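There are 2 protein chains.
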Amino acid sequence: MQKGKASIAFDHPPYITAASSVAGKKEGEGPLGALFDLVEQEDMLGEKNWEAAESRLQKEAAELAIQKAGRKAGEIRYLFAGDLLAQLIATSFGSISLEIPLFGLYGACSTMGEAMSLAAMAVDAGYGDRCLAMASSHFATAEKQFRFPLGYGNQRALSAAWTATGAGAVVIEGKDGIKRGKGEELKPLARISGITTGRVVDFGVKDSSNMGAAMAPAAFHTIWQHFQDFERDEKDYDKIITGDLGIVGQTILLDLLHKEGYDLAGIHMDCGLELFDRENQDTHAGGSGCGCSAITLCAYILPKIQDGTWKRVLFIPTGSLHSTVSYNEGQSVPGIAHGVVLEHIEEGW
Amino acid sequence: MQKGKASIAFDHPPYITAASSVAGKKEGEGPLGALFDLVEQEDMLGEKNWEAAESRLQKEAAELAIQKAGRKAGEIRYLFAGDLLAQLIATSFGSISLEIPLFGLYGACSTMGEAMSLAAMAVDAGYGDRCLAMASSHFATAEKQFRFPLGYGNQRALSAAWTATGAGAVVIEGKDGIKRGKGEELKPLARISGITTGRVVDFGVKDSSNMGAAMAPAAFHTIWQHFQDFERDEKDYDKIITGDLGIVGQTILLDLLHKEGYDLAGIHMDCGLELFDRENQDTHAGGSGCGCSAITLCAYILPKIQDGTWKRVLFIPTGSLHSTVSYNEGQSVPGIAHGVVLEHIEEGW
Numbered sequence: 001m002q003k004g005k006a007s008i009a010f011d012h013p014p015y016i017t018a019a020s021s022v023a024g025k026k027e028g029e030g031p032l033g034a035l036f037d038l039v040e041q042e043d044m045l046g047e048k049n050w051e052a053a054e055s056r057l058q059k060e061a062a063e064l065a066i067q068k069a070g071r072k073a074g075e076i077r078y079l080f081a082g083d084l085l086a087q088l089i090a091t092s093f094g095s096i097s098l099e100i101p102l103f104g105l106y107g108a109c110s111t112m113g114e115a116m117s118l119a120a121m122a123v124d125a126g127y128g129d130r131c132l133a134m135a136s137s138h139f140a141t142a143e144k145q146f147r148f149p150l151g152y153g154n155q156r157a158l159s160a161a162w163t164a165t166g167a168g169a170v171v172i173e174g175k176d177g178i179k180r181g182k183g184e185e186l187k188p189l190a191r192i193s194g195i196t197t198g199r200v201v202d203f204g205v206k207d208s209s210n211m212g213a214a215m216a217p218a219a220f221h222t223i224w225q226h227f228q229d230f231e232r233d234e235k236d237y238d239k240i241i242t243g244d245l246g247i248v249g250q251t252i253l254l255d256l257l258h259k260e261g262y263d264l265a266g267i268h269m270d271c272g273l274e275l276f277d278r279e280n281q282d283t284h285a286g287g288s289g290c291g292c293s294a295i296t297l298c299a300y301i302l303p304k305i306q307d308g309t310w311k312r313v314l315f316i317p318t319g320s321l322h323s324t325v326s327y328n329e330g331q332s333v334p335g336i337a338h339g340v341v342l343e344h345i346e347e348g349w
Numbered sequence: 001m002q003k004g005k006a007s008i009a010f011d012h013p014p015y016i017t018a019a020s021s022v023a024g025k026k027e028g029e030g031p032l033g034a035l036f037d038l039v040e041q042e043d044m045l046g047e048k049n050w051e052a053a054e055s056r057l058q059k060e061a062a063e064l065a066i067q068k069a070g071r072k073a074g075e076i077r078y079l080f081a082g083d084l085l086a087q088l089i090a091t092s093f094g095s096i097s098l099e100i101p102l103f104g105l106y107g108a109c110s111t112m113g114e115a116m117s118l119a120a121m122a123v124d125a126g127y128g129d130r131c132l133a134m135a136s137s138h139f140a141t142a143e144k145q146f147r148f149p150l151g152y153g154n155q156r157a158l159s160a161a162w163t164a165t166g167a168g169a170v171v172i173e174g175k176d177g178i179k180r181g182k183g184e185e186l187k188p189l190a191r192i193s194g195i196t197t198g199r200v201v202d203f204g205v206k207d208s209s210n211m212g213a214a215m216a217p218a219a220f221h222t223i224w225q226h227f228q229d230f231e232r233d234e235k236d237y238d239k240i241i242t243g244d245l246g247i248v249g250q251t252i253l254l255d256l257l258h259k260e261g262y263d264l265a266g267i268h269m270d271c272g273l274e275l276f277d278r279e280n281q282d283t284h285a286g287g288s289g290c291g292c293s294a295i296t297l298c299a300y301i302l303p304k305i306q307d308g309t310w311k312r313v314l315f316i317p318t319g320s321l322h323s324t325v326s327y328n329e330g331q332s333v334p335g336i337a338h339g340v341v342l343e344h345i346e347e348g349w
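Chains as they are written, first to last, in the working numbering: chain A, 1 to 349; chain B, 1 to 349.
In isolation and in its complexed conformation, chain A is listed as follows:
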């Protein structure tokens, strides 16, 4: 059902029945390290290059999520997936062996939100019993893609974020399609009750080393739109969790919302600020990349929703829409943010 200007409240809210997180070594050494399904100890994952390594992260995350849902790849109707690389090569090559019909997505670091939105739409509408939503990033592929060769030992701005190495995947299913355990129900992790889809928001920020500032207006716009569309405010949520605004972007977001009368101070969380220990891991503004929000969701957020610590969460991965070409041509860095409402499932669902 359409809600307001940019939102959907699902008639048959789809369930997240399984989630997987495959993280890199540095992510494994961070505060969430013990929560990941798999921590890869070697940046190359045994592959010949970083791009192939990122594809492998996706393959592992997809296979693990499907297995946790008690399914085989052939039982997944559609794959909605993306990454940060030019022409989406991590996804294209990472998904060959899955043989699942693919909708390739690019939403920069908001991709996990975009993928979950479309997968939930497909399941709610009955286009598939179950879909897979996935996103990945890799520190080394992103540095090569967007910044400087690692060998330069380039100095990073304090406002810059550290691209996370990791892939997260969730299986999204309709109630009828869920595999039941022997004698007991396989209780899903969360229900997706609605979404709010973001538009490109350009506040004219031109510094690609300060993506938090570039994305904050987009996060603000999606949260604000979400509140209008659902006639809710921050008090209706236990947590409102952005993707990778980092410390700079968080400050701006809270300011922008405060001006509109919303106080998110105690409720806002940012995946980029949770993933790393900023002081001891030298990650400056925080973590970033599609993988940052994806693995934080799968390893940390969803379990907290499943166990009832949080009853209702607004998850809003944030993306910074630039390339080296657009940056070098003097363009600004617009942002986009896609919101997904995740709810705790009570006993007796």
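Among these hints, one or two may not hold up.
Where chains are identical, the list cannot tell them apart; a pair therefore holds if satisfied intra-copy or between any two copies.
Stated by the list, open to error - The list that follows gives simulated cross-link-like pairs (lysine to aspartate or glutamate, DMTMM-like), each with its CA atoms no further than 25 Å apart:
#, residue 1, residue 2
1, K206, E347
2, K5, E75
3, K5, E274
4, K206, E99
5, K144, E60
6, K25, D229
7, K175, D11
8, K175, E346
9, K3, E99
10, K235, D202
11, K5, E63
12, K48, E63
13, K235, E75
Keep in mind that the hints were calculated from the coordinates and are not lab data.
Remember, it's a predicted structure, so these values are computed and weren't measured experimentally.
Following the hints, position chain B against chain A.
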């Protein structure tokens, strides 16, 4: 309604109510030249660089399609769009001023099929009264992105295609949302009765100057899957139209299908072979790029369906999933193809 393994037959088939095509100068000089809504005579479109020019193509195509549907941008629920450039910058910057919630897509040159599939899914499910599907490419941005600086005057392989400069956009609406004319019905161009979504198909082709050969197996797979899912064959279609296989890819596709017992010789058409006069325009294997199938669809195919020349068409844009990085690292060039069934609307619809 799900059909077979990878298809949907829509319960409430959405309508294409308007289509726009904005083409470059060379495309305007080709066999379809007289059919385009707009032919830009200058490659830069008055912008400072090629990327901004491609963004402008999208902006113009979007505004024109919306205007032809008798609507304003604010009445479009979602925009599904993409292009060939790294991090989708043509789309990101081209859609800022539209202020429509955006799902950014990357399916290489199959993007128009992906965009139309998702837009039709959203409309059929009632998530939006109308959506916009759009794709673009630009010869100069693509050469810079994938090949050599234009100034090199690099010699092209005969199997190579010529990336089209152009953007195509279609407005997809549910029956209830269609704007009626004064006293007469605004008859849509076509009905989207179903889709078949492709998966990544890798036959190990390693030559990015021969994308036709790389994409043909994907086109074959989607067409074959479509026939199985809908229990149809080539005799159920007036035309089966691929995106940009060109002369090399077409031969391979017809061969592959022939081995499975399907004879598409009189029915198959390829947008890349229609867009340019290969002999006099020196475009070698044919046209390519997301824009190639998008503008051929909007300017040439849809009018033929509207006037009843063709009653049922399978439109299958084809994409080649590589980047310069994957190519230089010795990876193969996998393909993907997304099928959309377009049907003529009889009088008294």
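Checked hints:
In this homomeric assembly, K206 and E347 never come within 25 Å of each other (Cα to Cα): the closest approach is 49 Å inside a single copy and 54 Å across copies. In this homomeric assembly, K5 and E75 come within 25 Å of each other (Cα to Cα) only across copies, at 9 Å, whereas the closest approach inside a single copy is 34 Å. Taking the shortest Cα distances, K5 and E274 never come within 25 Å of each other, neither inside one copy (31 Å) nor across copies (40 Å). Taking the shortest Cα distances, K206 and E99 sit within 25 Å of each other only across copies (20 Å), while inside one copy they are farther apart (40 Å).
In the homo-oligomer, the alpha carbons of K144 and E60 lie at most 25 Å apart inside one protomer (23 Å), although the nearest pairing across protomers, at 34 Å, exceeds that limit. For the homomeric pair K25 and D229, neither the shortest alpha-carbon distance inside one copy (41 Å) nor that between copies (44 Å) is at most 25 Å. In this assembly of identical chains, K175 and D11 lie within 25 Å of each other by CA distance both inside one copy and across copies; the values are 12 Å within and 21 Å between. In this homomeric assembly, K175 and E346 come within 25 Å of each other (Cα to Cα) only inside a single copy, at 14 Å, whereas the closest approach across copies is 39 Å.
Proximity of K3 and E99 under a CA criterion of 25 Å is satisfied inter-copy only: 17 Å between copies versus 35 Å inside one chain copy. Taking the shortest alpha-carbon separations for K235 and D202, neither the intra-copy value of 28 Å nor the inter-copy value of 50 Å comes in at or below 25 Å. Taking CA atoms no more than 25 Å apart as the test, K5 paired with E63 passes between copies only; the shortest distance there is 19 Å, against 36 Å inside one copy. In this assembly of identical chains, the alpha carbons of K48 and E63 lie at most 25 Å apart only when taken from the same copy (21 Å versus 46 Å across copies).
Within a single copy, K235 and E75 get their C-alpha atoms no closer than 39 Å, and across copies no closer than 31 Å, so neither meets the 25 Å cut-off.
The structure fails to meet hints 1, 3, 6, 10 and 13 from the earlier list, while all remaining hints are met.
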